[in-house]
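**Student:** Spelled out from the first residue to the last, the chains are:
2 protein chains.
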Amino acid sequence: MAKDLFKLGLSIVSRSGKTIISSVDEYGFPNTKAMLKPREQDGLKTFYLTTNTSSMRVHQYRNNPKACLYFFDARFFRGIMLRGTMEVLEDQETKARIWKTGDTMYYKEGVTDPDYCVLKFTASDARIYENFKSLSFEIE
Amino acid sequence: MAKDLFKLGLSIVSRSGKTIISSVDEYGFPNTKAMLKPREQDGLKTFYLTTNTSSMRVHQYRNNPKACLYFFDARFFRGIMLRGTMEVLEDQETKARIWKTGDTMYYKEGVTDPDYCVLKFTASDARIYENFKSLSFEIE
Numbered sequence: 001m002a003k004d005l006f007k008l009g010l011s012i013v014s015r016s017g018k019t020i021i022s023s024v025d026e027y028g029f030p031n032t033k034a035m036l037k038p039r040e041q042d043g044l045k046t047f048y049l050t051t052n053t054s055s056m057r058v059h060q061y062r063n064n065p066k067a068c069l070y071f072f073d074a075r076f077f078r079g080i081m082l083r084g085t086m087e088v089l090e091d092q093e094t095k096a097r098i099w100k101t102g103d104t105m106y107y108k109e110g111v112t113d114p115d116y117c118v119l120k121f122t123a124s125d126a127r128i129y130e131n132f133k134s135l136s137f138e139i140e
Numbered sequence: 001m002a003k004d005l006f007k008l009g010l011s012i013v014s015r016s017g018k019t020i021i022s023s024v025d026e027y028g029f030p031n032t033k034a035m036l037k038p039r040e041q042d043g044l045k046t047f048y049l050t051t052n053t054s055s056m057r058v059h060q061y062r063n064n065p066k067a068c069l070y071f072f073d074a075r076f077f078r079g080i081m082l083r084g085t086m087e088v089l090e091d092q093e094t095k096a097r098i099w100k101t102g103d104t105m106y107y108k109e110g111v112t113d114p115d116y117c118v119l120k121f122t123a124s125d126a127r128i129y130e131n132f133k134s135l136s137f138e139i140e
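So the protein sequences, as listed, match chains A and B. Just so you know, the numbering used here puts 24 at position 24 of the first sequence, and the rest follows in order with no gaps. Just so you know, the numbering used here puts 7 at position 7 of the second sequence, and the rest follows in order with no gaps.
Just chain A, with the same shape it has in the complex (with noise of 0.2 Å):
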């Protein structure tokens, strides 16, 4: 059951066109962003997404790192929700794994540009919706 699951939300993540984000900033408010796809994935673990490091997100997860990743496939009415933490990694090493070619166009100075991170996601559970109904379940 809990694998068919976790099969079922690999696939609603990689139909996904998009990676929708959340945080909450400092007045209590959730907020919310598309992404683009996740850069790299371990299972339904931990997500690599890049971004500014100016952005209003970093700011709001460095003050406070709960984060949800929402993926859905619209044509079937799915969804997942994972819930977990965010990272804010300005590591050489992980921004030069995480960087692709194309990548100038966002970041005008490169891999090293101070305004390029990664984000780190790593998720505690999951709920996913089908046919109208929710399943909950831990991520190990």
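Since no wrong hints were added, every one of them can be taken at face value.
Since the list can't tell identical chains apart, any single copy or any two copies may satisfy a pair.
Each computed DSSO-like pair below joins lysine-lysine, with the alpha-carbon atoms no more than 30 Å apart:
1) Lys-7 x Lys-37
2) Lys-66 x Lys-95
3) Lys-18 x Lys-7
4) Lys-18 x Lys-120
5) Lys-37 x Lys-108
6) Lys-133 x Lys-100
7) Lys-7 x Lys-66
8) Lys-45 x Lys-66
9) Lys-133 x Lys-108
Hints in this document: simulated from the structure, not taken from any laboratory.
Given the structure of chain A, go ahead and fit chain B onto it with the hints provided.
**Tutor:** The following block gives chain B in isolation, referenced to the frame of chain A:
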């Protein structure tokens, strides 16, 4: 300027096939879900959505009304986040006004189904993302 942003915001909302709603759960984590388009809307100020009274989201908004709605237009990489508060409405007048033929697919007992309720979102401010830039403005 603010007028142009307002018009752009309305256009993103109308082109978005879905409404992404977020809440904050009892552990302080942001929670996000995709829902259908709003049933009613007054500019960028108020939005009405339908949902199950028994749902996790309703439970969370009753505990903590802080909310955001997010709409995006994937084709042009534009998005708008509206920050505000969410009310759970169960009065029969509102339920009847928002009800649409076909909703019995979701709520078997019809317009008086106790598991059918209306979410009313009231925005305080907005943030628009376009061309890799973000601009915030207040909603009057």
